[in-house]
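Novice: Chain by chain, the residues run as shown.
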Amino acid sequence: KAGVTQTPRYLIKTRGQQVTLSCSPISGHRSVSWYQQTPGQGLQFLFEYFSETQRNKGNFPGRFSGRQFSNSRSEMNVSTLELGDSALYLCASSLGVGGNQPQHFGDGTRLSIL
Amino acid sequence: DQQVKQNSPSLSVQEGRISILNCDYTNSMFDYFLWYKKYPAEGPTFLISISSIKDKNEDGRFTVFLNKSAKHLSLHIVPSQPGDSAVYFCAAKKGNYQLIWGAGTKLIIKP
Chain A
1 KAGVTQTPRY LIKTRGQQVT LSCSPISGHR SVSWYQQTPG QGLQFLFEYF SETQRNKGNF
61 PGRFSGRQFS NSRSEMNVST LELGDSALYL CASSLGVGGN QPQHFGDGTR LSIL
Chain B
1 DQQVKQNSPS LSVQEGRISI LNCDYTNSMF DYFLWYKKYP AEGPTFLISI SSIKDKNEDG
61 RFTVFLNKSA KHLSLHIVPS QPGDSAVYFC AAKKGNYQLI WGAGTKLIIK P
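Protein chains in written order, with this note's numbering: chain A, 1 to 114; chain B, 1 to 111.
Only chain B is shown next, with the shape it has when bound in the complex (with noise of 0.2 angstroms):
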């Protein structure tokens, strides 16, 4: 039972442009929701997180969203680098439980 997704395994998006990344979970429990990127060989880097009392974060050009009604997240990259190509998670918890992992998106930026 997976219980967060990411639908869409890879992105690719011209450098410049918006990167937006989804994420759809199914437990309204959830309250604290996170993304992470991993570039190869290293371990995921925290990006940027939300609380469910809020619909939206900011941090530079990282942005996530959250639609509580539509059970969605999703990360807006505004503009796309080059050093942004990585794979992007994200995570969600419940309180003090264990985070739960979606299976990630490959976003590509092209030059």
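Next up, chain A with everything else stripped away, as it sits in the complex (with noise of 0.2 angstroms):
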């Protein structure tokens, strides 16, 4: 069974400039959620989707916006990028939004801002 891919791996950008993260879960999970990791920082929440709709959404400016589609890929965007962006991205599945289950997460993208 295919794990979650999100790319692209690596992006590089300068200030202003805007970015497209992408992310597809695992076949079957409806579930998706970013995070942002800066070093020595835990996971911070972005935002959280089912069924195309956004669930939850952490204290992040609104140059962060995401997307699902109704295969349950989702995409993220950065817009009017900062330095402070530069971080790694992750994208996590799960079954759902309720009960106890396990999101399941990709390698990221490292998104470095020049």
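Wrong hints could be hidden among the right ones.
Covered stretches of chain B, as calculated for chain A (at least 3 residues, CB under 8 angstroms) [said to hold, decoys possible]:
| hint | stretch |
| --- | --- |
| 1 | 18–26 |
| 2 | 38–52 |
Quick partial rundown of chain A residues pointing at chain B, CB under 8 angstroms, derived from the structure [as the list claims (entries may be wrong)]:
| hint | residue |
| --- | --- |
| 3 | Ser33 |
| 4 | Gly42 |
| 5 | Phe45 |
| 6 | Asn56 |
| 7 | Leu90 |
| 8 | Asn100 |
| 9 | Pro102 |
| 10 | His104 |
| 11 | Phe105 |
| 12 | Gly106 |
| 13 | Asp107 |
| 14 | Gly108 |
| 15 | Leu111 |
Facing chain A, a subset of chain B residues (Cβ under 10 angstroms, in silico) [as the list claims (entries may be wrong)]:
| hint | residue |
| --- | --- |
| 16 | Val4 |
| 17 | Leu34 |
| 18 | Tyr97 |
No lab work stands behind these hints, which were simulated from the structure alone.
In this text the structure is predicted, and so the values were computed from the model without any measurement.
Note that the Cβ used here is the ideal one computed from N, Cα and C, for glycine as well.
From the two separate chains plus the hints, produce the assembled complex.
Specialist: As structure tokens, then:
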């Protein structure tokens, strides 16, 4: 069974640009969550989607947005990139939003802002 | 406001001995707790979980203990192996809300 796939693995952008990251969940998983991880920090929750609807949202500015498609694949977009957006962006999928269901992670997209 | 805290940034343990990783939380409404392991350049991997209605869950070398009165969670790894060297994260959630993560503890297993 294929795991969570994130593309691209690495990305270099400059300040002011925008970026789109992609996530394909495990087959059958309908919930997708996005996290930001910076050095020495835990995972900071960005948002969670289920059946194309945003179910939960973290404390990030409006420059960070996401969406989920009917096949459960998800994208996140960051506009007007800032130096502080340099981080590892992780996507996780699970069967649903409720209940005791662990999330399964992709290997992330390493975003570097110059 | 850190609802989930891992107060030890790192821990060094001799191979073959027990590794104990600790996690404290502040929200008594959390009803599900998980431990993840993360290697560099990889995403976190789910290890073990526990529901708030239990106080212990075991899976092979990994055991998670939950002390609700102390709002404390621990992960025991016995015996510790070199491949266990990684960063360990604890996470907690309440109902359908998102997971809240600790900052992680780097475990180093010495040969």
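Novice: Each hint needs a verdict: does it hold in this structure or not?
Specialist: Hint check results:
1. 18–26: This one is violated; 0 residues, fewer than the three required, reach chain A with a Cβ under 8 angstroms.
2. 38–52: Holds, because 8 residues of the stretch 38–52 of chain B bring their Cβ atoms closer than 8 angstroms to Cβ atoms of chain A.
3. Ser33: holds (7 angstroms)
4. Gly42: Cβ of glycine 42 of chain A sits 4 angstroms from chain B, so the hint holds.
5. Phe45: Phenylalanine 45 of chain A check passes; min Cβ-Cβ to chain B is 5 angstroms, inside 8 angstroms.
6. Asn56: holds (4 angstroms)
7. Leu90: holds (6 angstroms)
8. Asn100: This hint holds: asparagine 100 of chain A lies near chain B, its Cβ roughly 5 angstroms from the closest one there, short of 8 angstroms.
9. Pro102: holds (4 angstroms)
10. His104: holds (6 angstroms)
11. Phe105: With a closest approach of 3 angstroms, the phenylalanine 105 of chain A hint holds.
12. Gly106: Cβ of glycine 106 of chain A sits 5 angstroms from chain B, so the hint holds.
13. Asp107: Holds, because the Cβ-Cβ distance from aspartate 107 of chain A to chain B comes to roughly 5 angstroms (cut-off 8 angstroms).
14. Gly108: holds (5 angstroms)
15. Leu111: violated (14 angstroms)
16. Val4: holds (8 angstroms)
17. Leu34: holds (6 angstroms)
18. Tyr97: holds (6 angstroms)
Checked against the numbered hints above, the structure violates hints 1, 15; every other hint is satisfied.
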